[in-house]
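Starting from two chains that each stand alone, build the complex the way the hints lay out.
As a plain string of letters, each chain reads:
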Amino acid sequence: MQEGWIRSRWWEFRIGHSTYLIFILTFVNFILISYRLLIERIPFLQEIVPELWIFMAIFLVIYIPASILIGFWHRKTQLKVEQTLMLHQNPFIAKLFRTLLDVQTGTASKEEIKEFRTFLRNIEKKFDVGL
Amino acid sequence: MGTSAYLLIVFTFLNFILIAYRYLLEEDLMIAELISNLWVFGLIFLITYIPISIIIGFWHRKTQLSVENIIQHKEGPFFSKMMRVLLDAKTGKASKEEIEEFRKMLLDIEKK
Chain A
1 MQEGWIRSRW
11 WEFRIGHSTY
21 LIFILTFVNF
31 ILISYRLLIE
41 RIPFLQEIVP
51 ELWIFMAIFL
61 VIYIPASILI
71 GFWHRKTQLK
81 VEQTLMLHQN
91 PFIAKLFRTL
101 LDVQTGTASK
111 EEIKEFRTFL
121 RNIEKKFDVG
131 L
Chain B
1 MGTSAYLLIV
11 FTFLNFILIA
21 YRYLLEEDLM
31 IAELISNLWV
41 FGLIFLITYI
51 PISIIIGFWH
61 RKTQLSVENI
71 IQHKEGPFFS
81 KMMRVLLDAK
91 TGKASKEEIE
101 EFRKMLLDIE
111 KK
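Residue numbers (this note's numbering), protein chains in the order written: chain A, 1 to 131; chain B, 1 to 112.
Some hints here could point you the wrong way.
Listed next, the in silico DSSO-like pairs over lysine-lysine satisfying Cα-Cα at most 30 Å (straight line) [to be verified]:
(1) B:Lys93 / B:Lys111
(2) A:Lys95 / B:Lys81
(3) B:Lys96 / A:Lys76
(4) A:Lys114 / B:Lys96
(5) B:Lys81 / A:Lys80
(6) A:Lys114 / B:Lys62
(7) A:Lys110 / B:Lys74
(8) B:Lys96 / A:Lys80
(9) A:Lys114 / A:Lys125
In short, the hints are calculated from the structure, not lab data.
Looking at chain B on its own, in the form it has when it is part of the complex (with noise of 0.2 Å):
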């Protein structure tokens, strides 16, 4: 998680940075007038891309994340199959055999 949630993105950025810079804005001699320097190119980038990530993160917050949490549990049969007993034992529908298995299936996955 510390790899993959934070420092990632530092090497992410630092590889972007020097890979773009040193092989297509350093081969670029317009650009490169303008963006003389790898420091420059550095700060350009990340002030640039903060403010814009976060811009979309919102977006995705405020309209992707109920799309994809629909698609993850219609997609997701053993969440159903909770909700379904639950339903079945307030309903009368599930059998004493029925929830007793359930019950302990769920017990073994606590003990996890």
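Just chain A, with the same shape it has in the complex (with noise of 0.2 Å):
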């Protein structure tokens, strides 16, 4: 009880490190890295961009909504690729709905129901999803 609690906290920090935080962090990197040791060491860029925060607010205003289009075409257009070419290469998912459909067809053998009904209860048993 006590590791699944932790190993859930674990997984609630590994999410929101690699899902929101990530992006302040690789953006605070990114400003700082480019203003300090590009845009403050030529001259005619420091005079385009004068102050470390303007040279912040023209990134962000300019990032965020090329990241919102670039997600919207990856949502209408590359996604159903990648989750196709992810399935194709998943062999337990394979094996599910085939057995299932054996199931409904009457292919499969009670033995083979059996030992696929007690393979999907061992994996129940590896953790509780009851959070």
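Following this line, the structure appears as structure tokens:
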């Protein structure tokens, strides 16, 4: 129980970090490195962007809509390719569906069904999903 | 997986702490007085970051994960095909050839 709780919090920490907060860290890193090591050292660029916060504002105003547009394009065109390719390389899901299909069509033997059911039950026992 | 799920977190934190401290906090005299040491900044950062990250992850699991799963499945033609063939097999709409062809494809994936 305690182990499950810790692992759940660890998963949540990773998701919070890798899905959300990583953006802030990456943005801060990029803005500081670009400004301090590039813009500040080139007088022409320094004249255009004289302050760090101005550079940050320009960057965010361009970056956020661009990122949303790319995400939209990804969802509309690439996601189906990604999903299809992932499932085509997923023997577990294929076995699950094939067994269900065999049960439906009467091709699966009683032993095969029993074996597969035990296999699923063993996976279920690995982690309490009712968190 | 070892890199992306575990070690990368350490690298990211180290990068952020060093860059933010050297290029932002040290340049500001007022902040530099408050946080005079890199280790102090590192410690403050970690103490703040870890609980916030867990809270956001919890919120993600409770609200966003379902949205993510729905979008992914709605854009998953192969998963829909698998469900549809099962449904057709159950309702008798699928022909024997279609079932056999689909079964063969699944067996090929299983062998991978």
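Going through the hints against the structure:
no.: 1; hint: B:Lys93 / B:Lys111; in the structure: 28 Å, holds
no.: 2; hint: A:Lys95 / B:Lys81; in the structure: 15 Å, holds
no.: 3; hint: B:Lys96 / A:Lys76; in the structure: 34 Å, violated
no.: 4; hint: A:Lys114 / B:Lys96; in the structure: 25 Å, holds
no.: 5; hint: B:Lys81 / A:Lys80; in the structure: 12 Å, holds
no.: 6; hint: A:Lys114 / B:Lys62; in the structure: 34 Å, violated
no.: 7; hint: A:Lys110 / B:Lys74; in the structure: 34 Å, violated
no.: 8; hint: B:Lys96 / A:Lys80; in the structure: 27 Å, holds
no.: 9; hint: A:Lys114 / A:Lys125; in the structure: 17 Å, holds
Hints 3, 6, 7 from the earlier list are contradicted by this structure; the remaining hints agree with it.
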